[in-house]
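Protein chains in written order, with the working numbering: chain G, 1 to 291; chain Z, 292 to 582; chain H, 583 to 873.
Be careful, since some hints might not be right.
[To be verified] Here are the simulated lysine-lysine pairs, BS3-like style, with alpha carbons at most 30 Å apart:
1) Z:383 - Z:297
2) H:588 - H:604
3) G:229 - H:674
4) H:722 - H:811
5) G:287 - G:25
6) H:604 - H:653
7) Z:297 - Z:313
8) Z:313 - G:287
9) Z:297 - Z:431
10) Z:520 - G:229
11) H:869 - G:6
12) G:71 - G:140
13) Z:520 - Z:383
14) Z:431 - Z:383
15) H:869 - G:22
16) G:92 - G:6
17) H:722 - H:674
18) G:71 - G:6
19) H:588 - H:653
20) H:869 - H:607
21) Z:520 - H:674
22) H:722 - Z:383
23) Z:578 - H:604
24) H:869 - G:25
25) H:588 - Z:578
26) H:869 - Z:578
27) Z:316 - Z:520
28) H:607 - H:588
29) Z:520 - G:92
30) G:140 - G:22
31) H:653 - H:722
32) G:229 - H:811
33) Z:383 - G:287
34) Z:316 - G:287
[Unchecked claim] To spell it out: a stretch of chain Z is covered by chain G in this simulated footprint if at least three of its residues, at any positions, have a beta carbon under 8 Å from a beta carbon of chain G; those stretches are:
35) 413-426
36) 495-506
37) 509-519
If you're looking for bench data, these hints aren't it; they were derived computationally from the structure. From the three backbone atoms N, C-alpha and C, an ideal C-beta is built for every residue, glycine too.
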Amino acid sequence: MNATNKPLSVEGMAGAPLIITKHSKTFWRVTLDNPPINLMGPDMISGLQRLMDIIETDQYLKVIVFDSADKDFFVSHFDVLRGAEVPVVSGKLGVQQWVDVSNRLHNIGVISIASIRGRVRGIGSEFILACDMRFASREKAIFGHLEVGMGLLPGGGAAEYLPLLSGYARALEIAVSADDYSADTAELYGWINRAFADTELDHFVNNLADRISGFELPALRVTKATMLKRAGGGPNPYEIQESTDQFFELYQRPEAQSLLARLMTMGFQEASDTELRLGHYLGTLAKSESN
Amino acid sequence: MNATNKPLSVEGMAGAPLIITKHSKTFWRVTLDNPPINLMGPDMISGLQRLMDIIETDQYLKVIVFDSADKDFFVSHFDVLRGAEVPVVSGKLGVQQWVDVSNRLHNIGVISIASIRGRVRGIGSEFILACDMRFASREKAIFGHLEVGMGLLPGGGAAEYLPLLSGYARALEIAVSADDYSADTAELYGWINRAFADTELDHFVNNLADRISGFELPALRVTKATMLKRAGGGPNPYEIQESTDQFFELYQRPEAQSLLARLMTMGFQEASDTELRLGHYLGTLAKSESN
Amino acid sequence: MNATNKPLSVEGMAGAPLIITKHSKTFWRVTLDNPPINLMGPDMISGLQRLMDIIETDQYLKVIVFDSADKDFFVSHFDVLRGAEVPVVSGKLGVQQWVDVSNRLHNIGVISIASIRGRVRGIGSEFILACDMRFASREKAIFGHLEVGMGLLPGGGAAEYLPLLSGYARALEIAVSADDYSADTAELYGWINRAFADTELDHFVNNLADRISGFELPALRVTKATMLKRAGGGPNPYEIQESTDQFFELYQRPEAQSLLARLMTMGFQEASDTELRLGHYLGTLAKSESN
Numbered sequence: 001m002n003a004t005n006k007p008l009s010v011e012g013m014a015g016a017p018l019i020i021t022k023h024s025k026t027f028w029r030v031t032l033d034n035p036p037i038n039l040m041g042p043d044m045i046s047g048l049q050r051l052m053d054i055i056e057t058d059q060y061l062k063v064i065v066f067d068s069a070d071k072d073f074f075v076s077h078f079d080v081l082r083g084a085e086v087p088v089v090s091g092k093l094g095v096q097q098w099v100d101v102s103n104r105l106h107n108i109g110v111i112s113i114a115s116i117r118g119r120v121r122g123i124g125s126e127f128i129l130a131c132d133m134r135f136a137s138r139e140k141a142i143f144g145h146l147e148v149g150m151g152l153l154p155g156g157g158a159a160e161y162l163p164l165l166s167g168y169a170r171a172l173e174i175a176v177s178a179d180d181y182s183a184d185t186a187e188l189y190g191w192i193n194r195a196f197a198d199t200e201l202d203h204f205v206n207n208l209a210d211r212i213s214g215f216e217l218p219a220l221r222v223t224k225a226t227m228l229k230r231a232g233g234g235p236n237p238y239e240i241q242e243s244t245d246q247f248f249e250l251y252q253r254p255e256a257q258s259l260l261a262r263l264m265t266m267g268f269q270e271a272s273d274t275e276l277r278l279g280h281y282l283g284t285l286a287k288s289e290s291n
Numbered sequence: 292m293n294a295t296n297k298p299l300s301v302e303g304m305a306g307a308p309l310i311i312t313k314h315s316k317t318f319w320r321v322t323l324d325n326p327p328i329n330l331m332g333p334d335m336i337s338g339l340q341r342l343m344d345i346i347e348t349d350q351y352l353k354v355i356v357f358d359s360a361d362k363d364f365f366v367s368h369f370d371v372l373r374g375a376e377v378p379v380v381s382g383k384l385g386v387q388q389w390v391d392v393s394n395r396l397h398n399i400g401v402i403s404i405a406s407i408r409g410r411v412r413g414i415g416s417e418f419i420l421a422c423d424m425r426f427a428s429r430e431k432a433i434f435g436h437l438e439v440g441m442g443l444l445p446g447g448g449a450a451e452y453l454p455l456l457s458g459y460a461r462a463l464e465i466a467v468s469a470d471d472y473s474a475d476t477a478e479l480y481g482w483i484n485r486a487f488a489d490t491e492l493d494h495f496v497n498n499l500a501d502r503i504s505g506f507e508l509p510a511l512r513v514t515k516a517t518m519l520k521r522a523g524g525g526p527n528p529y530e531i532q533e534s535t536d537q538f539f540e541l542y543q544r545p546e547a548q549s550l551l552a553r554l555m556t557m558g559f560q561e562a563s564d565t566e567l568r569l570g571h572y573l574g575t576l577a578k579s580e581s582n
Numbered sequence: 583m584n585a586t587n588k589p590l591s592v593e594g595m596a597g598a599p600l601i602i603t604k605h606s607k608t609f610w611r612v613t614l615d616n617p618p619i620n621l622m623g624p625d626m627i628s629g630l631q632r633l634m635d636i637i638e639t640d641q642y643l644k645v646i647v648f649d650s651a652d653k654d655f656f657v658s659h660f661d662v663l664r665g666a667e668v669p670v671v672s673g674k675l676g677v678q679q680w681v682d683v684s685n686r687l688h689n690i691g692v693i694s695i696a697s698i699r700g701r702v703r704g705i706g707s708e709f710i711l712a713c714d715m716r717f718a719s720r721e722k723a724i725f726g727h728l729e730v731g732m733g734l735l736p737g738g739g740a741a742e743y744l745p746l747l748s749g750y751a752r753a754l755e756i757a758v759s760a761d762d763y764s765a766d767t768a769e770l771y772g773w774i775n776r777a778f779a780d781t782e783l784d785h786f787v788n789n790l791a792d793r794i795s796g797f798e799l800p801a802l803r804v805t806k807a808t809m810l811k812r813a814g815g816g817p818n819p820y821e822i823q824e825s826t827d828q829f830f831e832l833y834q835r836p837e838a839q840s841l842l843a844r845l846m847t848m849g850f851q852e853a854s855d856t857e858l859r860l861g862h863y864l865g866t867l868a869k870s871e872s873n
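Could you build all of it, start to finish, from the sequences and the hints given here?
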């Protein structure tokens, strides 16, 4: 079962930028692989929804690690150019497809671990927040909710998950600063469980997943269900839906469209320095807007 | 708009120890300036209430930074000698005037940032807790809720805001230790968002306020309102009123009056070593009381 | 009253592995002393319940420090061989005896402080979590909830107290990793208030308890009651009972019995390397189970 041994299988998911590595029947790894900057678009979201279908019925799976094939981008952000392709009524709850993924991932019996290198912003942060736990490279992980800098709202989970982990003051700071944060600060703020030296991250995460995959399934299931219940049950999916709706309402405003149009001329959604240092560039836009 | 440029205006508020610097239409600074030790007395409280009247109706203001004109005292504490001058029924809710200020500051659409150097104790801590976020000088900020050491309760907001940020265990420790805490510990406890080297604090806070002041007002307003709602809506003002009432009930006890009388002979409420090292001196009083 | 002076009395509690040191009428110390590894068994639990009877009616006591006579084990864990001896209906609420102790300790007016050296696992962690605050030796304290590694649930308080202090993500990690944690990580996670250098721990805790013991009793009582109320009232004892029941249900499973039987052959519940490095050994069991 060890993560360093030869896996049972490594397969791309049909039609989705996801690679599924089965280290054993009880421990899977899902690698996000959507070049060039790991945008979270409709294909990745629908692929994650199909993954939920699979793991909700699997009888053996205990733990799943999510990582990225791109060393610079765990997930850059939502693919705003293809936003309209994401189904707005989906899953048993009839919510937007991303909201369905977020809610199911958080509530499923399988333990989910995000192992983070590179930038993780917007919906990428909302993806790791829906996981049970998050570990990151101290040197190579960068975190941001930059929506406000584009005239938008961190909708789709951030407003729901982040205050539970960071408290209101730090969650609001993250949202209204619309800036990039280091792994050190993310750890201090509870955005992630812990940061590790880049050379130690994989060892830690693999060892943790190996341990969990060797424990008794009923003990894991009862423990997660009880902890989640005691912690208030996790975010309400209809509240995530509500903030998702607010995101799209702000997105319709001409001021937001204008900001996004300017960002597009600067290399937004492409492999560019703008995407690498997006927090910095949003600050320059903000200054020019207000002068 | 940059905080280092010449501001639009710098004016003292009539009848209140507050200096209002308008860096731009969207970014103001309010400096607490009540020599010799920045006591929070009736004039400062009524001035802050009038400030709430102003900023609640302003159409442009996005962000406000609160700082102090006194390098040793951000706010020393409540002016206990003039406590009776604070209106007990005030504002739309009909609560004590300070409770009205605290509640409105926390719920207003404007983003509020406390930038802290020097001592901030008692109602001073309750003032920064009512702000949206707090940053402090790692070397020069000192935090305390010393009320219990005077036979009193940290009423007026601490019991309501602090457990949300620090958790019950650390909030209770802060309250019953009645001692001074470093910025490092305040950061660990979530009492502040982050501590910065004294030489970096102003740059960080000004840059953050500059960024926010350049972002879209609707995005900021919706984000704060949604985050606050998701975080449970913030403290209930009637609970802050209740703990304020408990404060004044304990204040009437002869034992509290006796402790305050002894503190007065030691330089309490004056520029004194007692005020500089109040946590230490309360410990000596406690020892003498119990022997 | 000083903790370094000659105490008023030092007495073992009849029939219980507890030593009660009265430093003064207002400051007591209770030392856990159950050789060879400070198991929490029926005698310690019933002793703690009798302690609750005593301190609930004492008119003077303000603060109580809990520490351990064993440098390696603050509390190793529950004595699983004598679990059936713990009354399942006890106290005014008619809950399991341990649940009664936990609930009363947390809600009593007396301020309780755990001063931690050595290992504190399972019910030991649940004991310190029921205290008001926790301080630990940075070098010598080790924390763990290892129940899941034995096919069990961290029932009896961990699921209730830990998410309030650590947040869901870190609480779940602690539970499903079933591994040992350093004092540094326990501090980061809010599991303890703070870690101190081993040479400084006693000075800090004694000074804090001395201060508190010299403050006004009504101020302490009102402050704790108000803080606890504002923090949501603390865990519901019937929820602690529910997770305790879940623990015993999982304990009946043959798989859990098999794991415990194997642990017994390895030196479980004895002075052994297995107990010293229990997190490590559970990992080896997990690997052998899943291969």
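Consistency of the hints with the structure:
At most 30 Å may separate the alpha-carbon atoms for a hinted pair to count; residue 383 (chain Z) and residue 297 (chain Z) exceed this at roughly 37 Å. The hinted pair formed by residue 588 (chain H) and residue 604 (chain H) meets the criterion: a straight-line CA distance of about 10 Å does not exceed 30 Å. Only pairs whose Cα atoms come within 30 Å are accepted, and residue 229 (chain G) paired with residue 674 (chain H) is accepted, the gap being roughly 26 Å. Proximity of residue 722 (chain H) to residue 811 (chain H) is assessed by CA-CA distance (about 34 Å); at most 30 Å being required, the pair is judged violated.
This hinted pair does not check out: residue 287 (chain G) and residue 25 (chain G) have alpha carbons roughly 53 Å apart, beyond 30 Å. Of the pairs offered as hints, the one joining residue 604 (chain H) and residue 653 (chain H) holds, with about 21 Å between alpha carbons and a cut-off of 30 Å not exceeded. Under the criterion of a C-alpha separation no larger than 30 Å, the hint pairing residue 297 (chain Z) with residue 313 (chain Z) is consistent with the structure, at around 10 Å. Taking the CA atoms of residue 313 (chain Z) and residue 287 (chain G), the gap is near 17 Å; set against the 30 Å cutoff, the hint holds.
For the hint pairing residue 297 (chain Z) with residue 431 (chain Z), the CA-to-CA distance comes to about 27 Å; that is within 30 Å, so the pair holds. For the proposed pair residue 520 (chain Z) and residue 229 (chain G), the alpha carbon gap of about 21 Å is at most 30 Å, so the pair holds. Between residue 869 (chain H) and residue 6 (chain G) the CA atoms are separated by roughly 16 Å; this keeps the pair inside 30 Å, and the hint holds. This hinted pair checks out: residue 71 (chain G) and residue 140 (chain G) have alpha carbons roughly 8 Å apart, not beyond 30 Å.
Between the alpha carbons of residue 520 (chain Z) and residue 383 (chain Z) the distance comes to roughly 21 Å, so the proposed pair stays at or under 30 Å and holds. A distance of roughly 38 Å separates the Cα atoms of residue 431 (chain Z) and residue 383 (chain Z); the hinted pair therefore is violated under the 30 Å criterion. For a cut-off of 30 Å, the pair hint linking residue 869 (chain H) to residue 22 (chain G) stands: about 17 Å separates their Cα positions. Distance check on the hinted pair: residue 92 (chain G) and residue 6 (chain G) sit about 37 Å apart at the alpha-carbon level, beyond 30 Å; violated.
A threshold of 30 Å between alpha carbons decides the hint, and for residue 722 (chain H) with residue 674 (chain H) the separation of about 38 Å lies outside it, so the pair is violated. Only pairs whose Cα atoms come within 30 Å are accepted, and residue 71 (chain G) paired with residue 6 (chain G) is accepted, the gap being roughly 22 Å. With a C-alpha separation of about 22 Å, the suggested pair residue 588 (chain H) and residue 653 (chain H) falls inside the 30 Å cut-off, and the hint holds. Simply put, residue 869 (chain H) and residue 607 (chain H) have alpha-carbon atoms about 53 Å apart, too far for the 30 Å limit, and the pair is violated.
Simply put, residue 520 (chain Z) and residue 674 (chain H) have alpha-carbon atoms about 38 Å apart, too far for the 30 Å limit, and the pair is violated. Distance hint between residue 722 (chain H) and residue 383 (chain Z) is unfulfilled; the C-alpha atoms sit about 55 Å from each other, more than 30 Å. Annotation: proposed proximity of residue 578 (chain Z) to residue 604 (chain H) holds, straight-line Cα distance about 17 Å (limit 30 Å). Proposed proximity of residue 869 (chain H) and residue 25 (chain G) is supported: the alpha carbons are some 14 Å apart, at most 30 Å.
Note on residue 588 (chain H) and residue 578 (chain Z): the hinted pairing holds, with a Cα-Cα distance of about 16 Å set against a maximum of 30 Å. For the given pair, residue 869 (chain H) sits about 56 Å from residue 578 (chain Z) by alpha-carbon distance, which is inconsistent with the 30 Å threshold. About 27 Å separates the Cα atoms of residue 316 (chain Z) and residue 520 (chain Z), which keeps this hinted pair within 30 Å; it holds. Proposed proximity of residue 607 (chain H) and residue 588 (chain H) is supported: the alpha carbons are some 13 Å apart, at most 30 Å.
A hinted pair counts as satisfied when its Cα atoms are at most 30 Å apart, and residue 520 (chain Z) with residue 92 (chain G) qualifies at roughly 26 Å. For a cut-off of 30 Å, the pair hint linking residue 140 (chain G) to residue 22 (chain G) stands: about 26 Å separates their Cα positions. A C-alpha spacing of about 8 Å is found between residue 653 (chain H) and residue 722 (chain H), which places the hinted pair at or below 30 Å, so the restraint holds. Proximity of residue 229 (chain G) to residue 811 (chain H) is assessed by CA-CA distance (about 21 Å); at most 30 Å being required, the pair is judged to hold.
For the given pair, residue 383 (chain Z) sits about 37 Å from residue 287 (chain G) by alpha-carbon distance, which is inconsistent with the 30 Å threshold. Taking the CA atoms of residue 316 (chain Z) and residue 287 (chain G), the gap is near 14 Å; set against the 30 Å cutoff, the hint holds. Counting residues of the region 413-426 of chain Z whose C-beta lies closer than 8 Å to any C-beta of chain G gives 3; at least three are required, and the coverage claim holds. Against chain G, the region 495-506 of chain Z contributes 8 residues with a C-beta closer than 8 Å to a partner C-beta. That satisfies the three-residue criterion, and the hint holds.
Residues of the region 509-519 of chain Z with a Cβ under 8 Å from some Cβ of chain G number 9, which satisfies the need for three, so the listed coverage holds.
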